[in-house]
Amino acid sequence: QTETGGILITPLPGAMTLKPGSASKPFPGVVPAILKENGTPAEVNQGGYLVLKKPWPGILRGTYGDPDNIRIKEVYFSRFEGVYFTGDGARCDEDGDYWLMGRIDDVINVSGHRIGTAEVESALVSHGAVAEAAVVGFPHDIKGEGLYAYVTLKEGYQSSEGLKHDLVGHVRDVIGPIASPDKIQFSPSLPKTRSGKIMRRILRNIAKGELDNLGDTSTLADPMVVDDLVKGKQ
Numbered sequence: 007q008t009e010t011g012g013i014l015i016t017p018l019p020g021a022m023t024l025k026p027g028s029a030s031k032p033f034p035g036v037v038p039a040i041l042k043e044n045g046t047p048a049e050v051n052q053g054g055y056l057v058l059k060k061p062w063p064g065i066l067r068g069t070y071g072d073p074d075n076i077r078i079k080e081v082y083f084s085r086f087e088g089v090y091f092t093g094d095g096a097r098c099d100e101d102g103d104y105w106l107m108g109r110i111d112d113v114i115n116v117s118g119h120r121i122g123t124a125e126v127e128s129a130l131v132s133h134g135a136v137a138e139a140a141v142v143g144f145p146h147d148i149k150g151e152g153l154y155a156y157v158t159l160k161e162g163y164q165s166s167e168g169l170k171h172d173l174v175g176h177v178r179d180v181i182g183p184i185a186s187p188d189k190i191q192f193s194p195s196l197p198k199t200r201s202g203k204i205m206r207r208i209l210r211n212i213a214k215g216e217l218d219n220l221g222d223t224s225t226l227a228d229p230m231v232v233d234d235l236v237k238g239k240q
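Take 7 as the starting number for the sequence shown in our numbering and just add one per residue.
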């Protein structure tokens, strides 16, 4: 994170046991914590909001054109009292290792469980048939939010209900039943800007059924992708 001005949580090879996928432990002097929605500490391995409880050498102290630091206070210090809110979702395991779940905007609350979309996307991409995947949330009558997955297949694979079933089972095996996608939509490609960034806003609106509120698509490398996604909406 640019605003932190330095490394905060990092593996130190040779000094600790490393776990694939984990950001590992806090850098010396850094005091992070995981908080629930109400500001109380999260349980072990429970996803929540990643905050920093004490200052560190590279902490952001001001922004250009804002002498009273109004924006800093609103963005980083208003969500929870007395701590710096990173904007990231994370969990901490029984060994004190931190696992980042992605930006809070990309963390979905499924039946009270916080699930990082990046984690589900990684699980999908680890399947041999999947070339690329993007996961967003959508309103769910029972769970509150459900998982909607857009999947692009590798050459030689065909979309089918059987493959959808296989992908759901694969995610269940990799992460757990709570992370099972509720809907999977196969797509030849995903909406990306010319720099390669996936336009998740468009994917979220399509998943929610807000097809008349897709916003500006002029920055997409291939605007026709959106038409394909709308036609294939589950």
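Calculated from the structure, these hints are not laboratory results. From a predicted model like this one, the values you see are computed outputs, not experimental measurements. All C-beta atoms, glycine included, are put in the ideal place defined by N, C-alpha and C. Hints may contain errors.
Stated by the list, open to error - Lysine-lysine pairs mimicking BS3-like chemistry, simulated, CA-CA at most 25 Å apart:
no.: 1; residue 1: 237; residue 2: 203
no.: 2; residue 1: 203; residue 2: 214
no.: 3; residue 1: 160; residue 2: 237
no.: 4; residue 1: 31; residue 2: 60
no.: 5; residue 1: 198; residue 2: 239
no.: 6; residue 1: 79; residue 2: 59
no.: 7; residue 1: 60; residue 2: 42
no.: 8; residue 1: 149; residue 2: 189
To be verified - Beta-carbon label-pair distances, calculated as ranges:
no.: 9; residue 1: 218; residue 2: 60; range: 19 to 27 Å
no.: 10; residue 1: 163; residue 2: 77; range: 45 to 53 Å
no.: 11; residue 1: 63; residue 2: 230; range: 15 to 23 Å
How the hints compare with the structure:
1. 237 to 203: holds, 22 Å
2. 203 to 214: Roughly 21 Å separates the two Cα atoms, so the pair holds.
3. 160 to 237: With Cα atoms ~21 Å apart, residue 160 and residue 237 stay inside 25 Å; holds.
4. 31 to 60: holds, 16 Å
5. 198 to 239: Satisfied, since the Cα-Cα distance of roughly 18 Å is no more than 25 Å.
6. 79 to 59: holds, 15 Å
7. 60 to 42: Roughly 18 Å between the alpha carbons, so the hint for residue 60 and residue 42 holds.
8. 149 to 189: Distance ~13 Å between residue 149 and residue 189 Cα, so the pair holds.
9. 218 to 60: 19 to 27 Å: violated, 47 Å
10. 163 to 77: 45 to 53 Å: holds, 47 Å
11. 63 to 230: 15 to 23 Å: Since residue 63 and residue 230 have Cβ atoms about 49 Å apart, the given range 15 to 23 Å is violated.
In this structure, the hints that do not hold are numbers 9 and 11, in rising order.
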